[in-house]
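Going down the list, the sequences are from chains A, B and C.
The first sequence runs 1 to 99 under UniProt numbering.
The second sequence runs 1 to 639 under UniProt numbering.
The third sequence runs 1 to 288 under UniProt numbering.
Just so you know, these hints were derived from the structure itself, not from any lab.
All residues carry an ideal CB built from backbone N, CA and C; glycine is no exception.
Just so you know, not all the hints are guaranteed correct.
[What the hints assert, rightly or not] Computed Cβ-Cβ distance ranges for the label pairs, DEER-style: (1) 78(C) <-> 603(B): 54 to 60 angstroms; (2) 585(B) <-> 93(C): 31 to 37 angstroms; (3) 606(B) <-> 170(C): 33 to 39 angstroms; (4) 613(B) <-> 118(C): 43 to 49 angstroms; (5) 622(B) <-> 114(C): 21 to 27 angstroms; (6) 603(B) <-> 114(C): 40 to 46 angstroms; (7) 637(B) <-> 19(C): 30 to 36 angstroms.
[Claimed, not checked] Far from chain C by the CB rule (all over 12 angstroms, computed), these chain B residues: (8) 147; (9) 201; (10) 205; (11) 391; (12) 527; (13) 542; (14) 586; (15) 627; (16) 630.
[What the hints assert, rightly or not] Non-contacting residues of chain C with respect to chain B, defined by C-beta distances greater than 10 angstroms in every case (computed): (17) 9; (18) 39; (19) 94; (20) 97; (21) 102; (22) 109; (23) 111; (24) 139; (25) 149; (26) 151; (27) 168; (28) 182; (29) 237; (30) 250.
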Amino acid sequence: MNPVNYLYLAALLFTIGAAGVLVRRNAIVLFMCVELMLNASNLALVTFSRLHGNLDGQILAFFTMVVAAAEVVVGLAIIVSIFRTRHSASVDDSNLMKL
Amino acid sequence: MNSLIPLLVAAPLAGAALLLLGGRVLDRFGHWLGTLAAALSFAFGLVLFFDMLGRPADDRAVHVKLFSWIPVAGFRADAAFQLDQLSITFVLLITGVGTLIHLYSVGYMAHDERRRRFFGYLNLFLAAMLILVLADNYLLLYVGWEGVGLASYLLIGFWQHKPSAATAAKKAFLVNRVGDVGLSIAIMLMFTQFGDFSFAGVFENAPQASQGKLTAIGLMLLLAACGKSAQVPLQSWLGDAMEGPTPVSALIHAATMVTAGVYLITRSHAVFDLAPDAQTAVVCVGAVTLIFGAVVGCAKDDIKKALAGSTMSQIGYMVLAAGLGPIGYVFAIMHLVTHGFFKAGLFLGAGSVMHGMDDEVNMRHYGGLRKYMPITFVTFALGYLAIIGFPFLSGYFSKDKIIEAAFAKGGTEGWILGLVTLVGAAVTAFYMTRVMLLTFFGQKRWRPTADTSGSAAGEERMPHPHESPASMTVPMILLAFGSVFAGGLFTLNSSFLRWLEPVTGHSEGHSPLPSGVVTGLTIACMLAGVGVSYLMYGRGEVPVVPPIGSPLTRAARRDLLQDDFNHAVLVRPGSALAAALVYFDIKGLDGFVNGLAATIGGVSSRLRRVQNGYVRSYALSMFGGTLVLVATTLLMRSA
Amino acid sequence: MTSTGEAVQFWVLAVLAVGGALGMLLCRRAVHSALCLAATMLSLAVCYLAQGAVFLGVVQIVVYTGAIMMLFLFVVMLVGVSAADSVKEQLKGQRVAAVLTGLGFGVLLIAGIAHARLGHFSGLAEANAEGNVQGLARLIFTKYVWAFEVTGALLITAAIGAMVLTHREHVTAPRTQRELAAQRVRDNVQVPPLPAPGVYARHNAVDIAALLPDGTVAEDSVMSTLRERGQIRDVSQDMLRRMAELEDSSAEWLGRPASGRPAAPKQRGALETVPGEPTHRQNPEEEQ
């Protein structure tokens, strides 16, 4: 089997994640979709690392994980505070930023 | 010694700056400061004059370069002064008469709140006029030319609270502008032709230029002179300019600024001598204006406007003389100087009369003033005798020379011009006698005027004519001396001729009539004019309400329909053109621009809906953008 | 080429991962989505292990599946475990456009990968010679040490940010029970205790509202959190129906005509659901 198949898998997962961001309205699910996209790119990075025979790709994936963790913490905090004030977790309810 | 030349200009310029920029502190003594600046300039002029006298005739012209004004690659224009016999004549006339009129204004403007500003403007005028006559190139001359135009505008409209004064100022400025365009075109033509506009450079290269070019330059210079010197067809502003204070009329609109056109033509003699067609045009303008101004002067009842018509006519003489070529230049300048004396004196006299008569200007409301204002009467009478050419006074010498020169032009032309100048002399005598008789002789025809000074404002009172204060009479007396003796002094030993000849050149004409005959004819014409005037105004009662008069009189009262002509030929088509342009602007340009704006606005208000506040909608557009980017990248790579 | 074993493993894991991802995308409830995502992440972790990224594989399991997904579930519980999207799409054309764009993007990405040529791949045998963890550590603490330090700062910032965002400042002292009681009497809205839930022995549960004398639901009897989530179980309909049945059968027995009384009084729309099933009230606005 060609390791490129891992890249196809990553592309597929990324697309599913992106479509999820566009379709779902629950802010938490939205975040999960973002996480899925990040994971897909991590898979691609790990595969690149293997294809090129050095560990830089893995380091990058490692940093991605750290940043993703930070992002999730802040994002969920935002969701919680929005839920407290608006009693809703739907991103469509926060649509005041318009003319 | 040459370092004094810039100081000539600097003194009044500094005075103007100080008076106009300085605050109310200067209100108390600002007028003396202005007078001092003028007197200082006059003193410098005298020193330079005597210094020049001490040098041989060929060595009298002096150049002073102040600084490099516009140095651009191969082109350079210097701010440089040229002091020669012609310039110094003007400098002395301007600063001399100017100082006297400053002195006169101290008394005349004593009750005006804005006297400091008035003196500032007067000083500004002196500085600009001195730049004009001292410049050694046409570009710097243009600076002075515009400067005197500005000062004239400011001073005519000095009493800007009067709508008539404000309008007159605008009119003078606009009409002058037409002439200024002529001068700027002339300068541009010189630049394209000679690549230089210093007097020396232009005159040196003039013989190499084509006849057509020189004629064009000459005609454009003539247009400029017409504007500044109130010659037909740009004469309409001078009568209205009398709305300004009388000292202004005396200084600017009689003695100095209006003669700038004559200076320009005389200074450019090298160009005109080579362009006979332009010279013919100059002569025609002069002759027409000579008669035109005289006719207008005959019909006016306003004393200042009658004098304004006279000024126009006298400058017509000068322009005519300048158009005659080398036989006339010197006499044009000579008449200019003597005219400067007597006309300034006449205006100051008129101002003195108005001062005594509560600012009444209608001569039909004067009469019998000689007993109440003896000094004014005597000085005015001397100026009057000078202007009509009474033997052995200034005007006699200078005007006689011009008439002789006109005959000496030769051929049919000479005869026509000679007769025109003779008729002009007769008419001059007529209208000046009329002014004299209406003002100082006959019955009192005084009318009560609205009292604006006392506490009972609006109440009417009879005028109490009285002699003016010394600050006003002294300048009049001094000018009267000039009116009496200047001509004789100039003619004695042909001193003025020899003085100016190195600059303007001179050639004796061959008059078909002997000199004595011409002089006799001139005196005869003058006496005829005086006699007719005496018959009409000297004997019986002068009607207070002017009679209807002949069509010519009626037209002359309306300045020979010059304003109607301008209105019909220029203003109305101009308004129509402007209206058409406005229509085009509103319907065409604005329609297009507004339509464009409306289209963009409409599209924007639709595009605005794209921003709906939904995060997912924005995410979709981002994702769409990414899609396009990826697609483009792949396409570029595979291409 | 890789071994057959890895190929088999890949295809199994790929199916699992894509299935998990699609499940996350399609499940209406957030909890289900989270569980599906956890499955995907686990299969990805195995993929990392298979590709020689031992450290990352373990970290993926510990950090992602262990910590981050727990955080997600925690928030889901906080917000409402049964919270789910309503089916109705509010943005016109959003769903269609999203699917089309997603398809286009996927096709382009895969086409791009297929377009790239790969002669041979080196594999990580050499890089992992002294062990994967040691190799990564060498890189992190030499070449990437600066980024590593910055990452530390980022994590601290994120932690503080989360605390600041969720922190609620009390500007006044919290009110005591005595003060609250006094306030209640002063307001005179609900002076006695709220009714207790779980009437009738059959339904002794906190999510079943008490019934008022006319048979309607007393919503006050259920705790506010459940009310907020719309998780009240309503048994009134059931009871009324049984009453009606009883009356009908007794009328039949007595030979009298049916009472004709309505089967159930009209209730509020929100509670008109199948008895015993929790009602879902996600979007209060949508209902109105």
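How the hints compare with the structure:
1. Restraint check, residue 78(C) to residue 603(B): a C-beta distance of roughly 46 angstroms breaks the suggested window 54 to 60 angstroms.
2. Taking 31 to 37 angstroms as the suggested C-beta distance range, the pair residue 585(B) and residue 93(C) does not conform, at roughly 46 angstroms.
3. The hint said 33 to 39 angstroms for the Cβ distance between residue 606(B) and residue 170(C), and at roughly 48 angstroms that hint is violated.
4. For residue 613(B) and residue 118(C), the hinted distance range of 43 to 49 angstroms is satisfied, since their beta carbons lie about 45 angstroms from each other.
5. Taking the beta carbon of each, residue 622(B) and residue 114(C) are about 25 angstroms apart, inside 21 to 27 angstroms as hinted.
6. As the Cβ distance of residue 603(B) to residue 114(C) is approximately 41 angstroms, the hint placing it in 40 to 46 angstroms holds.
7. At about 33 angstroms, the CB distance of residue 637(B) to residue 19(C) agrees with the hint of 30 to 36 angstroms.
8. Annotated as non-interface, residue 147(B) keeps its C-beta farther than 12 angstroms from every C-beta of chain C; the closest such distance is 71 angstroms.
9. A cut-off of 12 angstroms between C-beta atoms confirms that residue 201(B) is not in contact with chain C; the least separation is 74 angstroms.
10. For residue 205(B), the non-interface assignment is confirmed: its Cβ lies about 78 angstroms from the closest Cβ of chain C, beyond the 12 angstroms cut-off.
11. Against the 12 angstroms criterion, residue 391(B) stays outside the reach of chain C, whose nearest CB is about 109 angstroms from its own CB.
12. At roughly 107 angstroms, the least C-beta separation between residue 527(B) and chain C is larger than 12 angstroms, which holds for a residue marked as non-interface.
13. At roughly 97 angstroms from the closest C-beta of chain C, the C-beta of residue 542(B) stays outside 12 angstroms, upholding its exclusion from the interface.
14. For residue 586(B), the non-interface assignment is confirmed: its Cβ lies about 43 angstroms from the closest Cβ of chain C, beyond the 12 angstroms cut-off.
15. For residue 627(B), the requirement that its beta carbon stay farther than 12 angstroms from each beta carbon of chain C is not met, with the minimum near 5 angstroms.
16. In this structure residue 630(B) is not separated from chain C by more than 12 angstroms, as the shortest Cβ-Cβ distance comes to only about 5 angstroms.
17. The Cβ of residue 9(C) sits about 30 angstroms from the closest Cβ of chain B, beyond the 10 angstroms cut-off, so the non-interface label holds.
18. Residue 39(C), annotated as away from the interface, keeps every beta carbon of chain B farther than 10 angstroms; the closest lies near 25 angstroms.
19. Not every CB of chain B is more than 10 angstroms from the CB of residue 94(C) (nearest about 6 angstroms), against its label as outside the interface.
20. Against chain B, the non-interface label of residue 97(C) is violated: not every CB pair exceeds 10 angstroms, the least being about 6 angstroms.
21. Distance check for residue 102(C) against chain B: the nearest CB is about 8 angstroms away, which does not clear 10 angstroms, and the non-interface claim fails.
22. For residue 109(C), the non-interface assignment is contradicted: its Cβ lies about 7 angstroms from the closest Cβ of chain B, within the 10 angstroms cut-off.
23. For residue 111(C), the condition that its CB be more than 10 angstroms from all CB atoms of chain B is violated, with the nearest at approximately 7 angstroms.
24. At roughly 29 angstroms from the closest C-beta of chain B, the C-beta of residue 139(C) stays outside 10 angstroms, upholding its exclusion from the interface.
25. Every Cβ of chain B is farther than 10 angstroms from the Cβ of residue 149(C); the closest lies at roughly 31 angstroms, confirming the non-interface assignment.
26. Distance check for residue 151(C) against chain B: the nearest CB is about 26 angstroms away, which clears 10 angstroms, and the non-interface claim stands.
27. No Cβ of chain B approaches the Cβ of residue 168(C) within 10 angstroms, the least distance being about 25 angstroms, so the stated non-interface status holds.
28. Against chain B, the non-interface label of residue 182(C) holds: every CB pair exceeds 10 angstroms, the least being about 44 angstroms.
29. Against chain B, the non-interface label of residue 237(C) holds: every CB pair exceeds 10 angstroms, the least being about 38 angstroms.
30. Look at residue 250(C): its CB is around 58 angstroms from the nearest CB on chain B, clear of 10 angstroms, so calling it non-interface holds up.
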